[in-house]
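Student: Let the sequences and hints guide you as you build the complete structure.
In case you want the letters, here they are:
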Amino acid sequence: MPYEYLDDVAIADVAFHAWGADLAEVFRAAWEATLAVMVSNPEAVALRETRTFTLENDALDMLLFNFLQEAIYLKDAEQLLLHVESLEVFAEGNGHCLHAVAAGEQLDPDRHEQVVDVKAVTLYDFQLKPTDHGWQATVVLDI
Amino acid sequence: MPIPEFLNRCAEAVWEISPSYKEGMRVPARIFATEKLIDAMEPSVYEQITNVAALPGITDYAFCMPDGHSGYGFPIGGVAAMDVDRDGVISPGGIGFDINCGMRLVTTNLTWNEVQPHIRTLVDRLFERVPAGVGSKGFVKLSPDAFRRMVQEGACWCVREGYGWEEDLELTEEEGCIAGADASKISDRAVQRGLTQIGTLGSGNHYLEIQTAPPDGIADDTLARAMGITIPNQVVVMFHCGSRGFGHQVATDYLQVFLKVMQEKYGIPIRDRELACAPFDSPEGRDYFAAMKCGINMSFANRQVILHRIREVFSEIFGRSAEDLGMHMVYDVSHNTAKLERHAVDGEERRLLVHRKGATRAFGPGMEGVPERYRETGQPVILGGSMESGSYLLAGVPEGSQAFFSTAHGSGRTMSRTRARKQWHGRDLQRHLESQGIYVRSTSMRGLAEEAGAAYKSIDDVIAAAESAGLCRRVARFSPVGNVKG
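Going down the list, the protein sequences come from chains A and B.
Here the first sequence is numbered in my numbering, starting from 1 and rising by one per residue.
Here the second sequence is numbered in my numbering, starting from 1 and rising by one per residue.
Any given hint might turn out to be false.
Chain A stretches covered by chain B per the calculated footprint, using a threshold of three residues with CB under 8 Å from any CB of chain B [what the hints assert, rightly or not]:
hint, stretch
1, 42-55
2, 72-79
3, 113-119
4, 123-130
Quick list of the computed label-pair ranges, beta carbon to beta carbon [what the hints assert, rightly or not]:
hint, chain 1, residue 1, chain 2, residue 2, range
5, A, Phe-90, B, Ser-435, 55 to 61 Å
6, B, Arg-149, A, Ala-21, 26 to 32 Å
7, B, Pro-371, A, Thr-50, 48 to 54 Å
8, B, Pro-371, A, Glu-88, 53 to 59 Å
9, A, Thr-50, B, Pro-283, 56 to 62 Å
10, A, Ala-21, B, Glu-128, 16 to 22 Å
Calculated from the structure, these hints are not laboratory results.
As the structure is a computational prediction, the values presented were derived from the model and not from experiment.
Every residue gets a Cβ at the ideal spot worked out from N, C-alpha and C, and that includes glycine.
Tutor: What follows is the structure in structure tokens.
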């Protein structure tokens, strides 16, 4: 996946860069990077059930923030580990909106190799910016 | 690294950054550290603590404790007292996402000789009974309404439900329930995240440890006795955890509320979005204070239920009741809070909202708010080191008034998780620890590698700095023998 963990940005936590040719791709890459912080074999997460959600925000970067919070929320509230199955990110009025379908299953300690629990997305150095090849996100997760 | 030139040394372990360092600083920043600790401090700590010094209402200094390291908004180890009668603010970034993350210390009347033959069973059983790791669920099942009632009552709810003893409350900061928690100020999402997490350890740097008190680790025999450390090589249990996903959701919710009003409504410049704040005396400030107190109570309840499980496990293994095993609490102390306290400033008593983020309250002898039995000794302070290095019991001192009676909270990391994971393998580390007489269980070998002792500052250096600066005094040092890692 197009993401990379950063060594020395947040010593107590986990930081990463994620990339994508368009907004949906960079959002998806950041979601997968977040999932891989929690389990080292995300490919073992079977697509057994789905969750659909729509989010909106005036600020594009805060839309990404809320999107990643959704992954953390569903992990705590329903013990669900989820991949992004489909995702649309689009402008609406003066703001931004996304519609996502995520698919996965409940955490199973026998099959999913746990790493560390992600408890929050932080705004520390949080960035979503256009590049020559699309978009880059910088995210620090609170562990 | 050379000592930065903007740092002025005021005493052996006290350094100061003048308000001329950065535009907008209202007070100087003070850092408590030995030269060695300053040498290891990240430059971002200085940036963060001087941003804190610019917040409205900050009184005396923006402090950074000896275990300070880079955080979000405030550094970890940051302490700031805001005068609420002089436009002082409240900031989630000064409390931390894990509201009321803290330490609890419990004694037994067993010695290491008696426990040693059972240590593996003990750790294995604790590992089963105190859930840890990603998405872990506890045994307490509550409806959303019952959860909302629980976060208003904290550990008192637990004791009423049979998960603890009346005396536990007396030995918990705020007697296990901070007044003013209002569950109407928390979101449904926060409730949903916390619902199944009571009695769970979490992950990251959270742990439950069995330790011994070797005779050469007793620094003050009288204080140690007063705090229940009375037998050579006595076995104690120490654990570290917080308000789990619930507290994080409360912090995340209000961070977003504050960002919308901070500059637009209240005219406070945003230097760092993680330093979002609102006046304490504003609708947003009051709401967050009442919601944050629910996080404080959730955390007290979480540690109370974990203690209940620990007592059950010891009782099963040793075939004696927890009472008979002398499993009394020494104290439960928080290191991620903001609390309204009264302190003397320029000869007058003022109402201050003291933010302590990765910093422990350390009230001195005779102070109100310290349990009756510790009025003469000063408040117990519990500082956990890394899995390998040992931990400390300390006591608050009168000189602590210089920093609103606050001290360090642990070792503080010096190496990132990603880097630590590249350097060590969890299984190797587990074997290495076992060869040193420390039996460790973890839900995650990679998570274990991230917590390697060498990724942390030396706890001994941190304690030396805190003691030299006059923030607290040492009582006893404990050595780890068994560890459940989240």
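Student: Give a verdict on every hint.
Tutor: These are the hints, each one checked on the structure:
no.: 1; hint: 42-55; verdict: violated (count 0)
no.: 2; hint: 72-79; verdict: holds (count 6)
no.: 3; hint: 113-119; verdict: holds (count 6)
no.: 4; hint: 123-130; verdict: holds (count 3)
no.: 5; hint: Phe-90/A <-> Ser-435/B: 55 to 61 Å; verdict: holds, 58 Å
no.: 6; hint: Arg-149/B <-> Ala-21/A: 26 to 32 Å; verdict: violated, 50 Å
no.: 7; hint: Pro-371/B <-> Thr-50/A: 48 to 54 Å; verdict: holds, 52 Å
no.: 8; hint: Pro-371/B <-> Glu-88/A: 53 to 59 Å; verdict: holds, 57 Å
no.: 9; hint: Thr-50/A <-> Pro-283/B: 56 to 62 Å; verdict: violated, 39 Å
no.: 10; hint: Ala-21/A <-> Glu-128/B: 16 to 22 Å; verdict: violated, 47 Å
The structure does not agree with the numbered hints 1, 6, 9, 10 stated previously, though it agrees with the rest.
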